[in-house]
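Sequence order for the protein chains is A and B. When we follow this note's numbering, the leftmost residue of the first sequence carries the number 1, and every step to the right adds one. When we follow this note's numbering, the leftmost residue of the second sequence carries the number 1, and every step to the right adds one.
Note that these hints are calculated values from the structure, not bench results. It is possible that part of the hints are untrue.
List of simulated lysine to any residue pairs, SDA-like, C-alpha gap at most 20 Å [what the hints assert, rightly or not]:
hint : chain 1 : residue 1 : chain 2 : residue 2
1    : B       : K146      : A       : P296
2    : A       : K331      : B       : D137
3    : B       : K158      : A       : T315
4    : B       : K353      : B       : P329
5    : B       : K82       : B       : A111
6    : B       : K158      : B       : F233
7    : A       : K309      : B       : R148
8    : B       : K146      : A       : N314
9    : B       : K82       : B       : A70
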Amino acid sequence: MEPLDQDLDASELELPTEPMLLNVGPAHPAMHGTVRIVMELSGEIIERCDVQVGYLHRGFEKMCERGTWTQVFPYVDRCNYVSPMLNNVGFALACEKMLGITVPDRCQYYRMILGELARMSDHLTCDGAMAMELGAFTPFLWMIKGREMVWEIMEEETGARLTHSFGRVGGMAAPPTEGFKEHTRAVVKHILTIVDEVERLLLGNRIFLDRLENVGVISADDAISLGWTGPCLRATGVPYDVRKAHPYMKYGEVDFDVPVGSASDSFDRFMVRLAEMRQSARIIEQCIERMADTGPVNVDDPRVILPPKEEVYNTIEGTIQHFKIVMEGLKLPAGEVYSYTEGGNGELGFYLVSDGSGTPHRVRIRPPCFLITAGLERVITGQMMADVVPSFGSLNMIGGECDR
Amino acid sequence: MPSFKLDDKDIAFEPGDTIIRAAHRAGVDVPHYCWHPGLSVAANCRMCLVELMPPPGRPAMMLDVLEWDALHQTYVPQKKPKLQPACQQAAADGMVVKSQTSEHAVRARSAVQELLLLNHPVDCPICDQAGECRLQDYWLEHQASKKRMRDEPIHKPKGVVFGPTIVYDAERCIMCTRCVRVSAELAKDPVLSMRERGNLNEITVAPGRQLDHQYTLMTEYVCPVGALTSSDFRFKARVWFLRSARSTCVGCATGCSSFTDFDPRNQKVYRYRPRENAAVNKYWMCDEGMLDYQRIHQNRVLEARLKGEGVSDAVALEKAADLIKQASPQKTAILLSAEHSNEDNTALLDLGKALGALQIYYTGRPQGQGDDILMSADKNPNTAGVLALSGGKAKPFVDLVAALKEGKVGALIALGSAIGNPNDSAALKDAKNFVAFSTHYGPIADHAGVVLPASSWAEADGTFVNRTGLRQESDRAINPQGASRPAFRWVQELAKLLSLTLPWKKASELRALSQGTETSSPSPSVAPGAQ
Chain A
1 MEPLDQDLDA
11 SELELPTEPM
21 LLNVGPAHPA
31 MHGTVRIVME
41 LSGEIIERCD
51 VQVGYLHRGF
61 EKMCERGTWT
71 QVFPYVDRCN
81 YVSPMLNNVG
91 FALACEKMLG
101 ITVPDRCQYY
111 RMILGELARM
121 SDHLTCDGAM
131 AMELGAFTPF
141 LWMIKGREMV
151 WEIMEEETGA
161 RLTHSFGRVG
171 GMAAPPTEGF
181 KEHTRAVVKH
191 ILTIVDEVER
201 LLLGNRIFLD
211 RLENVGVISA
221 DDAISLGWTG
231 PCLRATGVPY
241 DVRKAHPYMK
251 YGEVDFDVPV
261 GSASDSFDRF
271 MVRLAEMRQS
281 ARIIEQCIER
291 MADTGPVNVD
301 DPRVILPPKE
311 EVYNTIEGTI
321 QHFKIVMEGL
331 KLPAGEVYSY
341 TEGGNGELGF
351 YLVSDGSGTP
361 HRVRIRPPCF
371 LITAGLERVI
381 TGQMMADVVP
391 SFGSLNMIGG
401 ECDR
Chain B
1 MPSFKLDDKD
11 IAFEPGDTII
21 RAAHRAGVDV
31 PHYCWHPGLS
41 VAANCRMCLV
51 ELMPPPGRPA
61 MMLDVLEWDA
71 LHQTYVPQKK
81 PKLQPACQQA
91 AADGMVVKSQ
101 TSEHAVRARS
111 AVQELLLLNH
121 PVDCPICDQA
131 GECRLQDYWL
141 EHQASKKRMR
151 DEPIHKPKGV
161 VFGPTIVYDA
171 ERCIMCTRCV
181 RVSAELAKDP
191 VLSMRERGNL
201 NEITVAPGRQ
211 LDHQYTLMTE
221 YVCPVGALTS
231 SDFRFKARVW
241 FLRSARSTCV
251 GCATGCSSFT
261 DFDPRNQKVY
271 RYRPRENAAV
281 NKYWMCDEGM
291 LDYQRIHQNR
301 VLEARLKGEG
311 VSDAVALEKA
321 ADLIKQASPQ
331 KTAILLSAEH
341 SNEDNTALLD
351 LGKALGALQI
361 YYTGRPQGQG
371 DDILMSADKN
381 PNTAGVLALS
391 GGKAKPFVDL
401 VAALKEGKVG
411 ALIALGSAIG
421 NPNDSAALKD
431 AKNFVAFSTH
441 YGPIADHAGV
451 VLPASSWAEA
461 DGTFVNRTGL
471 RQESDRAINP
481 QGASRPAFRW
491 VQELAKLLSL
501 TLPWKKASEL
511 RALSQGTETS
521 SPSPSVAPGA
531 Q
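Isolated chain B (complex conformation):
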């Protein structure tokens, strides 16, 4: 493999790589604002300037410059090497590149940083980006000097509403055009552009349009400063109080790798962030997925319910056991849920097996919009997993509706909250001896005789199998809400009351049993540079 030297470190590269991309892959960060591994090269921030040493025997390319001599109060003619942006410069074998070790590059970066802060407002205390802002990080790393400009900074529009999800602050903007490129290249909707010149530069939405494609929150995510803010996250939390859990988005069958950012003090989830995963979502997530965290706290079943009334866990369990005992095994039906993890579904399957139940069905959330970028029309994270676990025996919800009508179902034990077709909910009304483990209110929780509150995906470790058959683990972020418990724990309690033995006791044993034959996700890289 060819390689070049960056600050005395050998970096291997593949033909066609730029210096910054090869360094990024090797875990060496060349400071940058506008470059993003998932976007085209703009080379406009000039932060990644590096010094290229001339090939042996050739002179360096030098520029004539006038240097200010503070001692004699005059400009002195000087020469300095022509620096190159590492994001655009193709790597060549044997090339010698100086980044932090080049005094010229270091000076240039300091000057770029100073320039970017020239007209920057004093906004850190009210800016959502504070704490994860490139300007703050790079000021300390590359500038660390005070303001020299005495003039009033240029003022530009603040709080410009770009669309339903994004608010723009032109004063904070450094014109890196990452948002412009995300819109054009990822969402294929070139709705953003730059107008004016020099310090009057600002990002603008195409006339007559709003920033309203399916990936608007990615513009905010790639913004290295606080110029674009999400109206959803705006002023809700300070990032240094948040902790992150490595999760998998459950918004659709794609299963994008994500971070769940939550506040451990009030046990609330505040946002998702994409987590780099070359096998699934690369660097991105769709708006629907990004905002899907809201469901963790909305419309949740937080207490055990008996015929629509809140009751204690013990009473509900007792009653649930009674209901299940009413029907013979032949007439007992199990309803799996593609919304839930392999663990929860395996537990319910095991319960069904122990009861001798012969009817297995599955359901999930209704179909939605899909696209050829990331979004799947199947809005369930684990359809493939459920089908694999049941060995293909699970029948779709329509069959359950038919069975209910024919009176073949004497008892129904259901996991999940939503059903594939909302029009079918009437059929559930007549279900007898109906026990459900639900996270949310919906057709299942509304019609079940006993509802046991299940924990959501953010409150338990879980495994999900995405549309390509990739098995991915999602880590717990917050504690179970209200009286909820992971569904497999309820199943365990219920089995105890029914004097049934399940083939597992601990969550780890259950997890081992719930592993299908699918390939598991290669551990995704979490290079911070992707931001």
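This is chain A alone, in the form it adopts within the complex:
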């Protein structure tokens, strides 16, 4: 077919164009919480963009300065609400570091199992949502089914599906339930099947691959300079995992690998998460084997642990202990601490300042998502408009963590 413009020279054909300013969010469903992206488009290409995270502001760090140290747990639950157990444990570890106490082995394994389950739930949500946003609904439903199973364990153990508030300084709110190990084994097995099935469903899918491969690329240097950690950093080939680099609890004693990517694109981030779920399963299995069925979960330290109720009601010592911890709050020695663990999306750090009273003087959280979201601009600039959704999805931004 002959071209339509054969009689015209090029200059006459060019329409006068100017960049289009497009605003997405903060309430757009693809924005994973209240984030706003203002894009300057040239055709379908993003020339420039501005990512704005300030739309969710609860001021939770300030709220922490009102109550006792124990009353911080519900707040950290609501930071990364897809894997709240990791936040609970991270905060408990920070307080324990300040107090100089170590919880019993049984509690450490219990915390690790619950934490890895939470990590699985985090990754299932992220990868499932990514698939769904590209039109693959089945993997999403399967993965959410897997997440549901994790949440059933959480419900059984803590009484709450989502915001457990289950961590305590010096232990956990309750010991493992009787069927905990069996239940967890069954669920992990099921989740591994789901991971395999999802892999089979998606990795042969041309559309899925085309939309992710070589999209949303960021260099390892950029990622490091932005302060990225977690799966997003590891997808760039940097094998930094707090559990390996600075082992805490019993992570130094269990076998697991740190999966890394090579192309640092959205696809690698997807794959790293899938691989991490398998590693989590390995860790969980080892912890289940080593965790004692009986024995104390909480430290034997009356400064931080509430006495059993029958002692509170029947002995003055128990009453005083209860009164002191509830009314004044457990007291962390004056000073400051930075304690960090591997959260669902990377290094979850707690910087605490105590003035020696029962109330936190300052609680500062280093949420992995905040720093990762800071890199979103670099990830999507130069991409097609349609690639924003899967690229953004692959970073797994959790709104609660971007509360600044």
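Dock chain B against the given chain A, drawing on the hints supplied.
Leaving out everything else, chain B in the frame of chain A:
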């Protein structure tokens, strides 16, 4: 200055000091129940036991003890150093004392604490002391272990009424005898004593007597546990909800330093506590002063009043300005009040000056009972201040009565609520064009044509000059009650309506102007150990 070492810290002392007193002055707390800086040494609680290191070249004094060996289920002969009570042991130069660093002292304290709690009832939830109780604090700091005794604790009398102000609970009592010593040493009325022995010990009132001297609430104040409770404060508030403001007692001319404890949620004052001030009241306050907080909420004028009817602020101010305009400056009289702060009185004086008023009088609450401990017969907190501010020009209330009778007063602007002699109130009845700034109902508010509700001492910062000429500041605790405002604010509003200019605009400027030449109180220490 000689010094000794306490836990590797050098502590200077004056000759005659005990270890605990020198440490207390240096801000180091040796745990104690029975010792009080303002009382004699009893050395009966054994909580302040410390280990004294022997002088160089001399052996330590060791005691033979039998130690229970749980592993072999038998007693093993052991030696341990003889510990000394820090409250009784005189400090000596170069002495080495171990308190928290001595394992023996730490163990002994834990044992003492356990012993004190042996028969203690499970009362924290219903005990007024909970939240400021030594037993609670020291359990956490020095014991932190669970109950080992399996027997039923000894039961003793509860809710024993000692007198009009104090209720005693023998089960909670640790027999530190602080209350006994306060009665004997501070109030000079040895009405309390201890009876029985061992775990049947209890505090008792002398036969045929009640605990009814003027300092009974100090027995409750020094009680380190919840054994003595004040019938006034009992079951009224939980201490952790209360906040404290540094105040000065306005009950009499002594001006004891106090804390005003109030609940910020309902803006109510619940009690006073003495605040340590070596220059005035040392550690103490009298019952009258301690209960004086009640006046903050009693019989208060909470709305502007016109001829006995409540009216809006604007109407009352308008009317007040009208009344003042009725009389010539020569016939306008100013009545200052020794109940009110320097700020309020200065404001009124300034108003008088601006009006050109020539007659200045002062009054206050009637005289009352005084003693040679703390109480003054003059029941006004600021008599000295008022006299100093007016430059001695203020004439007593009797002169005002005479002037009123002679018809020399055409308008009267009065601050305050009470008058020195209640019999004189009839004279006020005939006062014409009478405007008052009153906190309470009384002779002044009852007879004034316009009453503007003034805030009490707890609702505004104020300066008071006590009988020795010491100027002391009292901080605001609660918000002004009802429609009340600090009297100087009313004066300011009134001056505006009268188109007069006052030499100040802000409260801080007024405060600066109201400072007399008296010495101000050295900032009193608030060492928590005084409790």
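Hint-by-hint comparison with the structure:
no.: 1; hint: B/K146 with A/P296; verdict: 17 Å, holds
no.: 2; hint: A/K331 with B/D137; verdict: 12 Å, holds
no.: 3; hint: B/K158 with A/T315; verdict: 18 Å, holds
no.: 4; hint: B/K353 with B/P329; verdict: 10 Å, holds
no.: 5; hint: B/K82 with B/A111; verdict: 15 Å, holds
no.: 6; hint: B/K158 with B/F233; verdict: 17 Å, holds
no.: 7; hint: A/K309 with B/R148; verdict: 17 Å, holds
no.: 8; hint: B/K146 with A/N314; verdict: 11 Å, holds
no.: 9; hint: B/K82 with B/A70; verdict: 24 Å, violated
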